[in-house]
Amino acid sequence: DTEVTQTPKHLVMGMTNKKSLKCEQHMGHRAMYWYKQKAKKPPELMFVYSYEKLSINESVPSRFSPECPNSSLLNLHLHALQPEDSALYLCASSQDRTSGSNEQYFGPGTRLTVT
Amino acid sequence: AQKITQTQPGMFVQEKEAVTLDCTYDTSDPSYGLFWYKQPSSGEMIFLIYQGSYDQQNATEGRYSLNFQKARKSANLVISASQLGDSAMYFCAMREHNAGGTSYGKLTFGQGTILTVHP
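Protein sequence lines correspond, in order, to chains A and B. Using our numbering, the letters of the first sequence correspond one by one to residues 17 to 131. Using our numbering, the letters of the second sequence correspond one by one to residues 917 to 1035.
Just so you know, these hints were derived from the structure itself, not from any lab. Idealized CB from N, CA, C, for every residue including glycine. Be aware that one or more of the hints could be misleading.
[Claimed, not checked] Derived lysine-lysine pairs resembling DSS-like cross-links, with alpha carbons at most 25 Å apart:
| id | chain 1 | residue 1 | chain 2 | residue 2 |
| --- | --- | --- | --- | --- |
| 1 | A | K54 | B | K932 |
| 2 | A | K52 | A | K34 |
| 3 | A | K52 | B | K1022 |
| 4 | A | K57 | A | K38 |
| 5 | A | K52 | B | K919 |
| 6 | A | K56 | B | K1022 |
[Unchecked claim] Only some residues are given here: those of chain A computed to face chain B with a beta carbon under 8 Å:
| id | residue |
| --- | --- |
| 7 | P59 |
| 8 | L61 |
| 9 | M62 |
| 10 | F80 |
| 11 | L89 |
| 12 | A96 |
| 13 | P99 |
| 14 | L106 |
| 15 | E119 |
| 16 | Q120 |
| 17 | Y121 |
| 18 | P124 |
Generate coordinates for the entire structure from the input sequences, incorporating the hints supplied.
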């Protein structure tokens, strides 16, 4: 089963709201990723968790706060976002960060609109 | 410098024909992996095929094959017998196995090619 699930599918939030995106995988993967993707552009890496520890933060503004409560779950907490943060947010997982082919499996994404 | 270059913003192909999507890459790391992903309009990124830099044979997965030319640093995706459901954005990506620091394990994506399959 190569499934990564993400909730919600769509989210509309105001600039003063606090919301969270959730991602779950049950493939026993030990690396999990958050990407942001604008329309017709490639995904941009935001964060990488490896063995439940944050290992990469690509200089993401602090209004995005990741959390990895356990090896299957990854959250992205959102607060005081700007309209330019509207995008598709993709979660991915892989066996770990580095070994072998280590393909990343992506979830369906959350389409976020900030009003 | 761009590490992954996809020079075709859009491609068109007739149903049942074969199509090649171009990808060139730039790295000095002798050990790396190359990936192709498909992204339909629904948004999900679907892993298609992987080629390791030390693999002797070109990778194949069903109707997908990767034309790996190491000396030219190219990793073109060939889709045989195109289907209407193949219409999507296609991304080529690379992972350098010896990249240090914050690049460790990171996937670098190209800009993508939109493929449209005509009936």
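Hint check:
Distance check on the hinted pair: K54/A and K932/B sit about 31 Å apart at the alpha-carbon level, beyond 25 Å; violated. Of the pairs offered as hints, the one joining K52/A and K34/A holds, with about 18 Å between alpha carbons and a cut-off of 25 Å not exceeded. Taken as a hint, the K52/A and K1022/B pair is honoured in the structure, with Cα atoms around 14 Å apart against an allowance of 25 Å. Note on K57/A and K38/A: the hinted pairing holds, with a Cα-Cα distance of about 23 Å set against a maximum of 25 Å.
For the proposed pair K52/A and K919/B, the alpha carbon gap of about 19 Å is at most 25 Å, so the pair holds. Restraint check for K56/A and K1022/B: satisfied, since their Cα atoms lie roughly 21 Å apart, inside the 25 Å limit. Using the Cβ-Cβ criterion of 8 Å, the hint placing P59/A at the interface with chain B is satisfied: the shortest such distance is roughly 6 Å. A hinted interface residue such as L61/A counts as satisfied when its beta carbon comes closer than 8 Å to some beta carbon of chain B; here the least separation is about 6 Å, so the hint holds.
Hint on M62/A is violated. Least Cβ distance to chain B is approximately 12 Å, over the 8 Å limit. With a least beta-carbon distance of about 17 Å to chain B, the hint placing F80/A at the interface is violated under the 8 Å criterion. With a cut of 8 Å, the hint placing L89/A at the interface with chain B is violated, because the nearest CB-to-CB distance is about 19 Å. With its C-beta approaching chain B no nearer than about 25 Å, A96/A sits outside the 8 Å limit, and its interface hint is violated.
Taking 8 Å as the C-beta cut-off, the interface hint given for P99/A is violated, the closest approach to chain B being about 20 Å. Restraint check, L106/A versus chain B: the minimum CB separation of about 6 Å is within 8 Å; hint holds. Using the Cβ-Cβ criterion of 8 Å, the hint placing E119/A at the interface with chain B is satisfied: the shortest such distance is roughly 5 Å. For Q120/A, the interface hint holds, the least distance from its beta-carbon to any beta-carbon of chain B being 6 Å, beneath 8 Å.
The criterion of a C-beta within 8 Å of any C-beta in chain B is met by Y121/A, whose closest approach is roughly 6 Å, and the hint holds. Of the supplied interface hints, the one on P124/A holds, with its beta-carbon coming within about 4 Å of a beta-carbon of chain B, less than 8 Å.
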